[in-house]
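Novice: Each chain, written out:
4 protein chains.
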Amino acid sequence: MKLNGVLIEDTFAEAFSMKVARVLITAVSDRWVRVATTEATGFGTSIIGCPSEAGVEKYLTPSETPDGRPGAYIQIFQGKFEKLEEQVLERIGQCVLTAPTTAVFNGLSDAEKQFNTGFKLKFFADGYDEEGEIAGRKVYKIPMMEGDFIIEENIGAVGGVAGGNFFILAENQMASLTAAEVASDTILKMEGSITPFPGGIVASGSKIGSNKYKFLKASTNERFCPTLKNKIEDTQVPPEVNGIYEIVVNGISVDAVKDAMRAGISAATKIPGVLRISAGNYGGKLGKYKISLSELL
Amino acid sequence: MKLNGVLIEDTFAEAFSMKVARVLITAVSDRWVRVATTEATGFGTSIIGCPSEAGVEKYLTPSETPDGRPGAYIQIFQGKFEKLEEQVLERIGQCVLTAPTTAVFNGLSDAEKQFNTGFKLKFFADGYDEEGEIAGRKVYKIPMMEGDFIIEENIGAVGGVAGGNFFILAENQMASLTAAEVASDTILKMEGSITPFPGGIVASGSKIGSNKYKFLKASTNERFCPTLKNKIEDTQVPPEVNGIYEIVVNGISVDAVKDAMRAGISAATKIPGVLRISAGNYGGKLGKYKISLSELL
Amino acid sequence: MKLNGVLIEDTFAEAFSMKVARVLITAVSDRWVRVATTEATGFGTSIIGCPSEAGVEKYLTPSETPDGRPGAYIQIFQGKFEKLEEQVLERIGQCVLTAPTTAVFNGLSDAEKQFNTGFKLKFFADGYDEEGEIAGRKVYKIPMMEGDFIIEENIGAVGGVAGGNFFILAENQMASLTAAEVASDTILKMEGSITPFPGGIVASGSKIGSNKYKFLKASTNERFCPTLKNKIEDTQVPPEVNGIYEIVVNGISVDAVKDAMRAGISAATKIPGVLRISAGNYGGKLGKYKISLSELL
Amino acid sequence: MKLNGVLIEDTFAEAFSMKVARVLITAVSDRWVRVATTEATGFGTSIIGCPSEAGVEKYLTPSETPDGRPGAYIQIFQGKFEKLEEQVLERIGQCVLTAPTTAVFNGLSDAEKQFNTGFKLKFFADGYDEEGEIAGRKVYKIPMMEGDFIIEENIGAVGGVAGGNFFILAENQMASLTAAEVASDTILKMEGSITPFPGGIVASGSKIGSNKYKFLKASTNERFCPTLKNKIEDTQVPPEVNGIYEIVVNGISVDAVKDAMRAGISAATKIPGVLRISAGNYGGKLGKYKISLSELL
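Residue numbers (the working numbering), protein chains in the order written: chain F, 8 to 304; chain C, 8 to 304; chain G, 8 to 304; chain V, 8 to 304.
These are calculated hints, taken from the structure and not from any lab test.
As the structure is a prediction and not an experimental result, all values here were calculated from the model.
Ideal placement from N, C-alpha and C gives every residue a C-beta, glycine not left out.
Please note: incorrect hints may appear among the correct ones.
To give an idea of the chain V side of the interface with chain G (calculated C-beta under 7 Å), a few residues [stated by the list, open to error]:
#: 1; residue: Ala106
#: 2; residue: Phe130
#: 3; residue: Glu153
#: 4; residue: Gly154
#: 5; residue: Ser211
#: 6; residue: Tyr220
#: 7; residue: Phe231
#: 8; residue: Cys232
#: 9; residue: Leu235
#: 10; residue: Tyr252
#: 11; residue: Gly290
Looking at chain F on its own, in the form it has when it is part of the complex (with noise of 0.2 Å):
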């Protein structure tokens, strides 16, 4: 099929299930909210090397807030609950609380289980702590240096989707990039998605394992390396494509996952310069879902 005059492969993305938390960080202005919440979620690209994977869900506006402020969700990703609960702990204690202004609430009220997050950052305060509530949330106060540092006495935690994806080949790295990074905006305005690789980019689409170092667990998918094309001879690789890009997208379910990737490669086939979209997959064997392109759309 074709989409804006864009070949849709006739594939699918192979997709896993992992652990995810939720939480939606407030702050005084916009400036805040984006600085607490990318520093929350660094260093999560992937936990081949990553602690856990993570990234902006949506900015919120004031109005959907439970404190009338700016806000984001973000979500955590982990493969069982034990280190997801350390990850969110650690992440939201070292990169949110010791950030101007921020206020912590929980994503996923009403998810069986929750985290004690609030309860276990209460003991910061030293004893001065003190309980609150704020649009019928059971929250504590922590004084700080800055003031007072709010947080929902629970964290929320659900079976959730990683590793869709689509592959953006375009005529060139530029135009592959462009429609990569119009997706990925797009996808950072969604509910319940995220985009966990910088950017919300892959550069470095990659195979299980290796076919020259066994030490490896990942490394370069060869048969789709534009630079290779010419030297090897099972690419796939098209003559007229020199740039590829591939968007991986995590969400709190798979309609969520689905949603994000509908709207991404949409928004991808509107530049000039695209030529096909594909998915990566591993023949259907390692994931539990399996998200077909043209389905989707």
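Once you have looked at the hints, place chains C, G and V on chain F.
Specialist: Coordinates of chains C, G and V only, in the frame set by chain F:
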């Protein structure tokens, strides 16, 4: 003494020795320099709970980088070289190699200690890497989906300084915050130093340990909490002060830390509503460096 | 009355009738939407000295625009339709047609008054223009050095409202400024209104005419100047207030102006150090609209 | 000749004489420097349809400004000093005096021509102005609602250069656009020059007059339109080129314009997909300055 009408307290900042690696990262545009360096230095405020301390040192114009593209220096801190080398490998491998259009160069070519991070990362090419030279530096070209990723063979590290700091005391929280913003924006334009906390600012200045809970490594510094000043007897918050932020400065040398503190304090004292500048120390018992505010200015 | 602990004065904002054109501009990326709309609405704070009043109304996601790309509404104000039509032609022709990747659509398709701005600009194509259709709208394609520029045939205009306003009085300048920043950031996310002054904020609230100089149309409103409060007898600045900013709101309808004022005031009252909200009027003698703060909230 | 593998055409840019005023604007933070200077230089791309040509020259650190705050130089261009003086007064009075926390200083203190813009604007104080001195400069303090506005007595102007330019020809529109973005971002960091068009880039390079319509002053340069290259006989668009942007550079001297062109071209040639650099001229018949690309590099 007074600076721009603001009282500079007669005290000193106490700073510590840590190991620091310095990396020069370039990309096709300012956007991707910013994104890659922010991701690579995220979740890096304090080694109390983060895998390392990290931050962007300074953005560079194309004329200041080896490959003539926009760039930035980042710094990564850990207690020992072994742990630091791991962190450099993981942060570069997960957050820079994966980011669109980046290249990585040695930020401390003359240092005695050199990590062969580039040599290790070239295995990602699964045998398709090539050697090259850029501005006299030995680099590896790693074919990827976007094109080629460039990385210099080594990344240098030295003994650095962590925990340089100053406090901004103001009439209210917003005056203190604006001054802290301007101070950290100013330090971002200086060479050799970083401000590892979110947006360069600490909202939650802490004391070592806790009066009440033995299991805590650090807790709120209640004597500097404006909202407690009428509730505790030994408050250090002057009656006219209602907001305090701390700026923490790390650097590759004590001179770099001092230059940053000087410029940051000078900028902060320009903000209406700022009343005093102070600094944090442990009576000189813990840290190797004592940086006197009055000698600094 | 009080809102979030802040006194809302029992007064009203006095607003005026002006003609307003509304233009929907799209571009390949958020960057170019922002740049083109900012350039096109610059030098547009007040018709006292600017060729028109102008501002960005709201940024739009790809799903909200006719061509599926990022976009924004802008508004341009003048006293009469003739002058307004000139300004629309010049601002679009000089600042949007010239900007990379932009397309221009009618922001008020249902308005009775329609300017044929697109028809006029197509002559720039020197005969090489073509007609097309996007989302049911008749457009012209104008070949340019970058590729094709797209513009809809007509731009609609209506009778709008200018000069809606409120004052933010705070303990000091930085508290007032932060509140004004947050208020204007909040209004930027709302539909139907603009804040024409720089960054949405007026630093220099004025009175009509001058006490001392007959040749002046407007001069400083000395009774609201914090630095004069101890020098003049009829000051209106309460003793505890040391910083005041004004937000001016224009819109395509009085309801749009009211919605913006309500959201902006609500956001401003969340900022620590804000003491009062007031508004500017001329005793109700000059403007068509009286917007009571207490009825608004 | 070739630069970074990109063909530099053997041609020259033709530039013109215009009068230019240079203003140094400071503010409490980077945000307000950016907002005030952007508003003051908006609607200022070309005197064909704008009241003047204008742009931000360069952002300044606190150590580079008279009052130790963040700042920027802006430049405003007109054909004659009389019209220029009017524009300086209106743009400063409407867009800088009204903007939060700004101060205004002379950017060309040594110029023979000096406009007494500060003297004229002090009447806004309605008699409450005071004289002062900052870094040896005579300034006026004008009480306003925010606090005091500071402006130096005079603003200098000289004979400057307008219309320096180069073209970036690339494989497709996005490669050309990215290169133009990077070129204009690079020039923004240089001293003495501005790029007056939106975001520094011209999408609509034009020819003087029109082949078809006598009433037009300028029309599309059809020989450089990629979408017309197969439709007209005298196209100048090489077969492999599908996107062209122009960068226009104005400056306070021909050397400043040349420095900007050199840095911008060098940065543009680093972008993958860029094929050629050219420049616009009128055979040398109209402009005072001929800037040869090959001599420049």
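Novice: Now, for every hint given, state plainly whether the structure supports it.
Specialist: Hints and how they fare:
1. Ala106: OK, holds: Ala106/V within 7 Å of chain G, min 4 Å.
2. Phe130: holds (5 Å)
3. Glu153: holds (4 Å)
4. Gly154: With a closest approach of 5 Å, the Gly154/V hint holds.
5. Ser211: With Cβ-Cβ at 4 Å, under 7 Å, it holds.
6. Tyr220: Holds: closest Cβ of chain G sits about 5 Å from Tyr220/V, inside 7 Å.
7. Phe231: holds (5 Å)
8. Cys232: Where the cut-off is 7 Å and the nearest Cβ of chain G is about 4 Å from Cys232/V, the hint holds.
9. Leu235: For Leu235/V, the interface hint holds, since the closest Cβ of chain G sits about 5 Å away, which is under 7 Å.
10. Tyr252: holds (6 Å)
11. Gly290: Where the cut-off is 7 Å and the nearest Cβ of chain G is about 19 Å from Gly290/V, the hint is violated.
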